[in-house]
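Trainee: Count along the sequence shown from 1, then add 212; that gives the number in the numbering used here.
Take these hints with a grain of salt, some might be off.
Below are the DSS-like pairs computed for lysine-lysine, each with C-alpha atoms no more than 25 Å apart in a straight line [as the list claims (entries may be wrong)]:
no. : residue 1 : residue 2
1   : K535      : K490
2   : K554      : K514
3   : K364      : K261
4   : K567      : K534
5   : K567      : K422
6   : K429      : K322
7   : K514      : K535
8   : K351      : K362
9   : K302      : K320
10  : K490      : K302
11  : K362      : K422
12  : K405      : K322
13  : K320      : K422
14  : K525      : K535
15  : K336      : K546
16  : K405      : K422
17  : K535      : K554
18  : K548      : K525
19  : K362      : K405
20  : K315      : K336
21  : K336      : K257
22  : K322      : K294
23  : K261      : K422
24  : K567      : K548
25  : K534      : K490
26  : K257      : K356
27  : K405      : K320
28  : K548      : K336
29  : K336      : K356
30  : K405      : K336
31  : K535      : K356
32  : K351      : K490
33  : K554      : K534
34  : K514      : K429
35  : K535      : K548
36  : K294      : K257
37  : K405      : K351
38  : K320      : K362
Hints were generated in silico from the structure; no laboratory data involved.
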Amino acid sequence: MAKRKLKLKKKARNLFLVILIFFAVFFFAIAYLNVQLSPMDRNSKEEVKVTIEPGIGSRGIAERLREEGLIRNANFFVLYVKLTGETSLKAATYTLSPSMSVKQIVTKLKGNQADSTDVQVTIKEGLNMVQLASLLEEKLGFSKSDFLAKMKDRTYLTSLVQRYWFLTNEVLDTEIYYPLEGYLFPDTYSFAKEVTIDQLITILLNQTDKVLTPYQKRMEQSGSTYHQLMTLASIVELEGVSRENRELIASVFNNRLSAGWSLGSDVTTCYGAQVSLKDCNDSINFNAVNPYNTRSPLMAGKLPIGPICNPSKESIESVLTKKESDYYYFVADKNKNVYFTKNEREHNQMIQAIKQRGDWPW
Numbered sequence: 213m214a215k216r217k218l219k220l221k222k223k224a225r226n227l228f229l230v231i232l233i234f235f236a237v238f239f240f241a242i243a244y245l246n247v248q249l250s251p252m253d254r255n256s257k258e259e260v261k262v263t264i265e266p267g268i269g270s271r272g273i274a275e276r277l278r279e280e281g282l283i284r285n286a287n288f289f290v291l292y293v294k295l296t297g298e299t300s301l302k303a304a305t306y307t308l309s310p311s312m313s314v315k316q317i318v319t320k321l322k323g324n325q326a327d328s329t330d331v332q333v334t335i336k337e338g339l340n341m342v343q344l345a346s347l348l349e350e351k352l353g354f355s356k357s358d359f360l361a362k363m364k365d366r367t368y369l370t371s372l373v374q375r376y377w378f379l380t381n382e383v384l385d386t387e388i389y390y391p392l393e394g395y396l397f398p399d400t401y402s403f404a405k406e407v408t409i410d411q412l413i414t415i416l417l418n419q420t421d422k423v424l425t426p427y428q429k430r431m432e433q434s435g436s437t438y439h440q441l442m443t444l445a446s447i448v449e450l451e452g453v454s455r456e457n458r459e460l461i462a463s464v465f466n467n468r469l470s471a472g473w474s475l476g477s478d479v480t481t482c483y484g485a486q487v488s489l490k491d492c493n494d495s496i497n498f499n500a501v502n503p504y505n506t507r508s509p510l511m512a513g514k515l516p517i518g519p520i521c522n523p524s525k526e527s528i529e530s531v532l533t534k535k536e537s538d539y540y541y542f543v544a545d546k547n548k549n550v551y552f553t554k555n556e557r558e559h560n561q562m563i564q565a566i567k568q569r570g571d572w573p574w
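All chains, full assembly: derive it from the sequences and hints.
Mentor: Written as structure tokens, this is what we have:
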């Protein structure tokens, strides 16, 4: 009986110790969590400008905040966001402070509390790098020449190739005019007035990453490189105006490539000559030898050396769809109607019909 009582007392004591340790660990964890979520410096008067790029995700946001000295631990920030369900953090530029707790920072990032000095810039589909540089000079005050010079900085470009999966060594070919051509995704962005060229390019490439990631597997299984797909998508962007005709245009180009023909795309000729489409006329040598000019006889069976503009998501999808057709030719009238034909005779007849009704675009 005494032994039984002794065993019960021992069990009770062990249970008490387990409970005591549990509560000790629990209260320690709560205290530790509170410290991690508390302000870095409650008395700080410092203000920190932080730009959250589209598509960066809660992990990327957490790392950015930690780098700026606004939170202690990126993992705890991500955990807090997940546990509280506050996942709708908005891309913009914010003024934050080390005196803010994680809760206060998250509240600001998910509300309409972005800095009002942000500049909205809409980058339209089909803009090439020179046109984009002009737009950014107008909207953000960047020097056009400085922006274009950055596009040719080999050390900088190599660092980007190492950072982004969709940028490969193909973009570093020295004959490419602007290695990031085709990879700065068209969209509407909110930039801080003081944003740097490096920061802006990061924002655009992060958005490209966000858009392309769902297609990564299809791109890898397409039989073409990322660079080839983006190059073809950029041509399709400038040649087509609707999802339906872009898919057919892509099929025409694929048919011509398979047959070992040149693409014969005028928009590549204009880009190769470094003139805008509206200034591209009969004064241009459409047969000039150029790694972009697919009218050149030396470009038979080849894509241009790189993209000729920044294509839309629709054009990228049109290329990946790999629509099949019997068409090898197409022509558009001045109203942007596109007509597809199977052989040169039908193609020439269509051109004559367009000219006769006064709809020829040139």
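Trainee: Go through the numbered hints given earlier and state which of them the structure violates, listing their numbers in rising order.
Mentor: 1, 3, 4, 5, 6, 10, 20, 21, 25, 26, 31, 36, 38
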